[in-house]
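A.B. asks: These protein sequence lines map, in sequence, to chains A and B. What the first sequence shows, in this note's numbering, is residues 1 to 199, in sequence order. What the second sequence shows, in this note's numbering, is residues 1 to 199, in sequence order.
It cannot be assumed that every hint is accurate.
Because identical chains cannot be distinguished in the list, a pair is counted as satisfied if it fits within a single copy or across any two copies.
Below, in silico cross-link-like pairs of lysine to any residue (SDA-like), each with a Cα-Cα straight-line distance of 25 Å or less [as the list claims (entries may be wrong)]:
no. : residue 1 : residue 2
1   : LYS56     : GLY118
2   : LYS72     : LYS175
3   : LYS73     : ASP172
4   : LYS56     : GLY10
5   : LYS8      : ALA39
6   : LYS56     : ASP170
7   : LYS56     : GLU153
8   : LYS175    : GLU132
9   : LYS125    : GLY179
10  : LYS146    : GLU188
11  : LYS8      : LYS144
12  : LYS72     : PHE51
13  : LYS56     : LEU182
14  : LYS54     : LEU79
15  : LYS125    : ILE180
16  : LYS26     : THR149
Since the hints were made in silico from the structure, they are not lab data.
Protein chains: 2
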Amino acid sequence: MNDSSNSKLGSSDKLLLAALHLIAEKGYNGVTTLEIATAAGLSEKTLFRHFGTKQKLLEAAFDRYHYAEEMKKLFAEKLVWDLERDLLLVCTTYHEIMNRNRKMIQISLKEDEGQLPGFRARTQKHPQQLLEILTNYFIEMSEKGKIVTTNPELHAFTFIMMHFGAFMNDLDAQKSYPGITLAPFVQESIQLFARALRP
Amino acid sequence: MNDSSNSKLGSSDKLLLAALHLIAEKGYNGVTTLEIATAAGLSEKTLFRHFGTKQKLLEAAFDRYHYAEEMKKLFAEKLVWDLERDLLLVCTTYHEIMNRNRKMIQISLKEDEGQLPGFRARTQKHPQQLLEILTNYFIEMSEKGKIVTTNPELHAFTFIMMHFGAFMNDLDAQKSYPGITLAPFVQESIQLFARALRP
DNA sequence: AAAAAGACTGTCAGTACTTACTGTCATGCG
DNA sequence: CGCATGACAGTAAGTACTGACAGTCTTTTT
């Protein structure tokens, strides 16, 4: 259940995962190096031997575990120009990536930019790419006559905001809206767009 | 420009505002009592004379500046059963309230529940109420034959998630999507729903 | 009007605790 | 042997919080 219980990992990875987990939960200033080391099942001394400072530990964790593949590759050859199918692909891919970077996103939210140079830029890279891709998709779908869209970028933005909102709502352990799960929401959001954009 | 530059405020309010502002920006553990007092233009000693402890200062700030009026009152007698008009009212009211509680929401996001008992519950109160109101609204509109909705609660949730996402995106000073402003987005989101739910 | 009282604040010195980080030496392990 | 680690002690800095005293300004009293 706990990240650090995996005994197959090397010491560095145990520390990185424990750091990521605890900092995401309690914030950088809310966790001590002793806490992190203990959670990793190691001594504090080992932590400093590996990473020198607490800052470098966090930076190393970000570098090691931030998923950074290009969004465009994820959609290459996969779009079939059927609105509902393609939107489902976009949705699932979006939520998958956001969930993979969940801890990093939580950290970026909690800490201010001054102390985490460049971290926020990285967490925002995927959403920005996706907006571009989805905008172009709407434009092309419109040219094919399969949908009507007056403002493709705004439509793409709206679609992404829906799912960004749902993701952020889910990020919080103590959810704002219990009783609503992701899958039906995804389905509904797609049908909504399909009906609204239908020629 | 700065909160604490308003010389008409009493010392307590200067401290509360400075605390709210700084804690929202750098987190509870990221700010010192000396910093807060200095930002308020007062001495650290005065801070402790007024509030005793740092915790109580934050709690007092939350109590004093959290906007807590019942959502239902805000919509009483104001809904006219015209979808586009009513959704616009819901949108603007939602964004207004969320913005009014912006600092409190930022703090709730940064700090974990263990140290801020009950804070998160208060920031989540408005969204939950709104979901209820909007769900009932969709049900009634459906009964009036003005819209078709297969799952009113999910539709309401979807609508709110769109705007929650937009708000969260805007919360960040370093926005993910520059060049997109709120007003056109609100307009588009309403038209989207109007088209999708039209009988 | 003058004096006295009271409320509020600043300065400064200081305490107690936490915490990032280091040094030294011993131990286990291939 | 060589390498990684742990146990332990310790340092230096930061920080929440306190106490003592003095200054200022307003209000009250004479």
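A.B. asks: Hint by hint, say whether it matches the structure.
C.D. replies: Structure-based check of each hint:
| no. | hint | verdict |
| --- | --- | --- |
| 1 | LYS56 <-> GLY118 | within (14 Å within a copy, 34 Å between copies) |
| 2 | LYS72 <-> LYS175 | between (32 Å within a copy, 22 Å between copies) |
| 3 | LYS73 <-> ASP172 | neither (30 Å within a copy, 28 Å between copies) |
| 4 | LYS56 <-> GLY10 | within (18 Å within a copy, 43 Å between copies) |
| 5 | LYS8 <-> ALA39 | within (15 Å within a copy, 50 Å between copies) |
| 6 | LYS56 <-> ASP170 | neither (29 Å within a copy, 30 Å between copies) |
| 7 | LYS56 <-> GLU153 | neither (39 Å within a copy, 46 Å between copies) |
| 8 | LYS175 <-> GLU132 | between (30 Å within a copy, 16 Å between copies) |
| 9 | LYS125 <-> GLY179 | between (31 Å within a copy, 16 Å between copies) |
| 10 | LYS146 <-> GLU188 | both (20 Å within a copy, 20 Å between copies) |
| 11 | LYS8 <-> LYS144 | neither (52 Å within a copy, 62 Å between copies) |
| 12 | LYS72 <-> PHE51 | neither (34 Å within a copy, 54 Å between copies) |
| 13 | LYS56 <-> LEU182 | neither (36 Å within a copy, 38 Å between copies) |
| 14 | LYS54 <-> LEU79 | neither (44 Å within a copy, 54 Å between copies) |
| 15 | LYS125 <-> ILE180 | between (28 Å within a copy, 16 Å between copies) |
| 16 | LYS26 <-> THR149 | neither (43 Å within a copy, 41 Å between copies) |
Of the hints listed earlier, those the structure fails to meet are numbers 3, 6, 7, 11, 12, 13, 14 and 16, in rising order.
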